Amino acid sequence: MTAPLLKVDDLHITLEGDGTSYNAVENVSFEIGRGDAFGLVGESGCGKSITALAVMGLLRRPLAIGKGRIVLDGEEIQNATAARLRELRGSKIGMIFQEPMTALNPLSPVGRQIAEMFVLHQSASWSEAMDRAEDALRQVRVPSPERRIRDFPHQLSGGMRQRVMIAIALACRPDLLIADEPTTALDVTVQAEIIDLMAELCAAKGTAILMISHDLGLVANMCRRVAVMYAGRIVESQGAEAIFATPRHPYTKGLVDSLPRLGERSKRGRQRLREISGVVPSIAAYPAGCRFNPRCPSVTDICRSAAPDVTALGDGLVRCHHHE
Amino acid sequence: MSDKIPSKLLELDDLAVHFHVGSALKGGVKTLKAVDGVSLEVKPGECLGLVGESGCGKSTLALSIMGLQPPTRGNIRLNGHELSARDRMETARTVQMVFQDPYASLNPRQTVRRTLADPLRIHGITNKTEVEHRVMDMMAKVGLRADRADRYPHEFSGGQRQRIGIARALILQPKLVICDEPVSALDVSIRAQIINLLLELKDEMGLAYILISHDLGVVEHVSDRVAVMYLGRIVEQGGWQEIFEDPRHPYTRALIAAIPDPFHRADAKVARAKAHGEIASALNPPPGCHFNPRCPMKADRCISEMPALEAVAEGHRAACHFRNSVA
Amino acid sequence: MKWGTSTWVGGSLVAIAIGVAVFAPWIALTDPVMDANLMNAELPPSWEFPFGTDAQGRDIYSRICYGARISLTVGVVSQICNSLIGVTLGLTAGFWGGWWDDVVSGLTNLMLAIPSLVFALAIMAILGPGLVSLVIALGLTSWSYSCRIARAQVLSLKSQGYVQAARILGYGDFRIMFTQVLPNILGPLIVIATLGMGGAILAEAALSFLGLGIRPPFPSWGSMLSEARDQIRAAPWLSVFPGLAIFFTVLGLNLLGDGLRDILDPQSQTRRA
Chain A
792 MTAPLLKVDD
802 LHITLEGDGT
812 SYNAVENVSF
822 EIGRGDAFGL
832 VGESGCGKSI
842 TALAVMGLLR
852 RPLAIGKGRI
862 VLDGEEIQNA
872 TAARLRELRG
882 SKIGMIFQEP
892 MTALNPLSPV
902 GRQIAEMFVL
912 HQSASWSEAM
922 DRAEDALRQV
932 RVPSPERRIR
942 DFPHQLSGGM
952 RQRVMIAIAL
962 ACRPDLLIAD
972 EPTTALDVTV
982 QAEIIDLMAE
992 LCAAKGTAIL
1002 MISHDLGLVA
1012 NMCRRVAVMY
1022 AGRIVESQGA
1032 EAIFATPRHP
1042 YTKGLVDSLP
1052 RLGERSKRGR
1062 QRLREISGVV
1072 PSIAAYPAGC
1082 RFNPRCPSVT
1092 DICRSAAPDV
1102 TALGDGLVRC
1112 HHHE
Chain B
13 MSDKIPSKLL
23 ELDDLAVHFH
33 VGSALKGGVK
43 TLKAVDGVSL
53 EVKPGECLGL
63 VGESGCGKST
73 LALSIMGLQP
83 PTRGNIRLNG
93 HELSARDRME
103 TARTVQMVFQ
113 DPYASLNPRQ
123 TVRRTLADPL
133 RIHGITNKTE
143 VEHRVMDMMA
153 KVGLRADRAD
163 RYPHEFSGGQ
173 RQRIGIARAL
183 ILQPKLVICD
193 EPVSALDVSI
203 RAQIINLLLE
213 LKDEMGLAYI
223 LISHDLGVVE
233 HVSDRVAVMY
243 LGRIVEQGGW
253 QEIFEDPRHP
263 YTRALIAAIP
273 DPFHRADAKV
283 ARAKAHGEIA
293 SALNPPPGCH
303 FNPRCPMKAD
313 RCISEMPALE
323 AVAEGHRAAC
333 HFRNSVA
Chain C
3 MKWGTSTWVG
13 GSLVAIAIGV
23 AVFAPWIALT
33 DPVMDANLMN
43 AELPPSWEFP
53 FGTDAQGRDI
63 YSRICYGARI
73 SLTVGVVSQI
83 CNSLIGVTLG
93 LTAGFWGGWW
103 DDVVSGLTNL
113 MLAIPSLVFA
123 LAIMAILGPG
133 LVSLVIALGL
143 TSWSYSCRIA
153 RAQVLSLKSQ
163 GYVQAARILG
173 YGDFRIMFTQ
183 VLPNILGPLI
193 VIATLGMGGA
203 ILAEAALSFL
213 GLGIRPPFPS
223 WGSMLSEARD
233 QIRAAPWLSV
243 FPGLAIFFTV
253 LGLNLLGDGL
263 RDILDPQSQT
273 RRA
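Chain order of the listed sequences is A, B and C. The first sequence begins at 792 in my numbering and counts up by one. The second sequence begins at 13 in my numbering and counts up by one. The third sequence begins at 3 in my numbering and counts up by one.
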């Protein structure tokens, strides 16, 4: 049994604010194998993005890793030095963000920003790096890459910028690519292309993907396994198709049922969408017991008093007192 | 028997909105054809879904219908009367809008009560009891607690703010409401609440909607008829079932193909329907059919000749040279 | 309402200044103009004369009390005038755009290019010295800053949903400007106004210094400073006390302005749980 590329074990992330310490993320555990595609799904505020930042070692005050282990390729990195983390970022872990405009340096031509990766991590010379940068742009299917390497980020469209980000992230063939809402800011047709591109490139280079999004459909399409987060905890984890076909946690079920899906109305007429009542709780006011209990249609007393443990089910897990 | 009630609530006739960008000193004046020859109709009580991505002109179109953006060409008729001739106040009582961003679309210094009551007063309803009654009634209709009327927007969640926005749009009892991406900025788990609410209110108050959205799932669920826009023109238009089950324009097919499919049910044919490349700028649209650089079916004719929006079936029109052979 | 410490401090200072101005006849020890006794010229602070006496033998403390009236009047009235002009011009220019915006922007640029003090000087030269001309001159020459800020704020707010919503709902232009836009841009405008009041007080000092403001024997903090300039080493109390009076009043206005801006923003008051 080969060891996983990334193993996150009982991760807790704390948030300091107003004199108290909040648990932004609690008891998060998952594994990603080499070349695998794993998705982390949840709404804003559920903690998925800061989990990714923790893996990259990018948490800053007031956030910090409370406890838990992050093991990358056999090496524990949750307490790694800043220097070691810098080495890892770019060479072993690449990351792309939602807003390429803010992630790219507006004052530097995009070719140079890609070339920097080769210079920093692979001791290449600048001229060699620029050639490889042009190659990288070609790989991400930017037309006329020999001209584009001199363009500045603002001269490119959103989709182009995201391709540049992918080129930067994958430049040094990292083992793991973390993509945090990479297509949320893009148009639908461009989104489809970027996702296909990412999947293709990662398959070709053997790069594993950790995909973070609020769009369950998108993640389930791209990833092999999916974990759903709610209010700082993983509430369910399953294979991608299964999580859509047979969701086990009431929250996942609610999400799957509540969104109108193409083709449903033709089959069954217009059904009233099943709502999830209530609102996403804020970190300062997480409910006691199961955090989903105020909104859960199957809530009982135990849900309000005791936080459910994780139950392993088949090839996944679920955190619910009343799971299917 | 013809009576005074027009059969069409809204009629757009070859509407165009062009902007002049740049100046003679800065490299010449260019024309941005945000909306370029759009003809549409909305019947009372109907929901028209308007689909399109960035640069398609849907927002400019919405502003024109509202009377906020004067058209360069063509006319807009509300209830049979041309828009330009109408009073701003009368337009306000007929067409209203629900905005995308619940955080920016409410005045942060006004209580809910004032946000809802002021429009009534401006339109001549000065009787205090009646104003109060209508405000409370509307709050109840959109699912807001009456005791929160004196709170400020920042005290509400995103979904609740959107409800306030909806209440504000409906307080004057309009006949047509333009909903511009009403749920895109909301958390996924509460979108269903707002979609259901919009549908309920439509039935209850006899409203017509123009729903602008890039989310095809929502559009299919809510709309009676659908129009697809690309770079300022309508490329396909028809009933919801026709558009989603038998799309005749490659762009519509590309939009449908782009929806992530967790069950991998899509076959190779759908995969081939995907568009490639980036959306062109409305400042420099490609010659001929604007979609040609990205179209999987592109032919020479597409570069030289702009296809017209013509019928493929009763009530279903597409602007593609291959509209009848797209299978 | 929750006031921060600095707001309390600022508010207190301003309240003291206003109190001194209002109750001057009661708290002053002597008549600031008439009680001049050359025998008492330039005496250092003592029990009889808490702040000392000036070159004419007048009690500085009393002159400061009465001087508060002049300085505060000049500061407040001229700044209100400036704000009214600047905000109205900036608000309408930003909202309507077009030729009106061009006119206002051109005018603003002109005003900003000419040092306001020089402009005020020119007006004073025409109107002659005195309190009224001072207020007019200062009130008509420093509006460009608030105009520019108001215009910039309006431009950024114009595309906000609620401004568009107001137009769609049938609100008239002026109603939108004054009920929707203005309340949301008050923050920076208030800060500018309080800074401006301080500036006006200092401008008064400068003009009086040049002999164009308040003429002797009437007391104003500025003219007192002016009269004391030759004696800074020999009789420091002649300049220190008027200087401190100006300092604390302007400081108080600035702190108060900051605090008011925070108070007027409903979002800083309550936080949703």
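A hint or two may mislead.
Stated by the list, open to error - The calculated DSS-like cross-link candidates involving lysine-lysine, where the alpha carbons are at most 30 Å apart (straight line), are:
{"#": "1", "chain 1": "B", "residue 1": "Lys55", "chain 2": "A", "residue 2": "Lys1058"}
{"#": "2", "chain 1": "A", "residue 1": "Lys883", "chain 2": "A", "residue 2": "Lys1044"}
{"#": "3", "chain 1": "B", "residue 1": "Lys286", "chain 2": "C", "residue 2": "Lys160"}
{"#": "4", "chain 1": "A", "residue 1": "Lys996", "chain 2": "B", "residue 2": "Lys286"}
{"#": "5", "chain 1": "B", "residue 1": "Lys310", "chain 2": "B", "residue 2": "Lys286"}
{"#": "6", "chain 1": "A", "residue 1": "Lys1044", "chain 2": "B", "residue 2": "Lys214"}
{"#": "7", "chain 1": "B", "residue 1": "Lys140", "chain 2": "B", "residue 2": "Lys55"}
{"#": "8", "chain 1": "B", "residue 1": "Lys310", "chain 2": "C", "residue 2": "Lys160"}
{"#": "9", "chain 1": "B", "residue 1": "Lys140", "chain 2": "B", "residue 2": "Lys187"}
{"#": "10", "chain 1": "B", "residue 1": "Lys42", "chain 2": "A", "residue 2": "Lys1058"}
Quick caveat, the hints were computed from the structure, so don't treat them as lab data. Treat the numbers as computed from the prediction; the structure is a model and nothing was measured.
To see whether the hints hold, each was checked on the structure:
A C-alpha spacing of about 26 Å is found between Lys55/B and Lys1058/A, which places the hinted pair at or below 30 Å, so the restraint holds. Among the hinted pairs, Lys883/A with Lys1044/A is inconsistent with the structure: their alpha-carbon atoms are about 36 Å apart, more than 30 Å. Note on Lys286/B and Lys160/C: the hinted pairing is violated, with a Cα-Cα distance of about 38 Å set against a maximum of 30 Å. About 24 Å separates the Cα atoms of Lys996/A and Lys286/B, which keeps this hinted pair within 30 Å; it holds.
At roughly 13 Å between alpha-carbon atoms, Lys310/B and Lys286/B fall within 30 Å of each other, so this suggested pair holds. Only pairs whose Cα atoms come within 30 Å are accepted, and Lys1044/A paired with Lys214/B is accepted, the gap being roughly 28 Å. This hinted pair does not check out: Lys140/B and Lys55/B have alpha carbons roughly 35 Å apart, beyond 30 Å. A hinted pair counts as satisfied when its Cα atoms are at most 30 Å apart, and Lys310/B with Lys160/C does not qualify at roughly 42 Å.
Our distance criterion of 30 Å between C-alpha atoms is met by Lys140/B and Lys187/B, whose separation comes to about 25 Å. Only pairs whose Cα atoms come within 30 Å are accepted, and Lys42/B paired with Lys1058/A is rejected, the gap being roughly 48 Å.
When held up to the earlier numbered hints, the structure conflicts with 2, 3, 7, 8 and 10 and fits the remainder.
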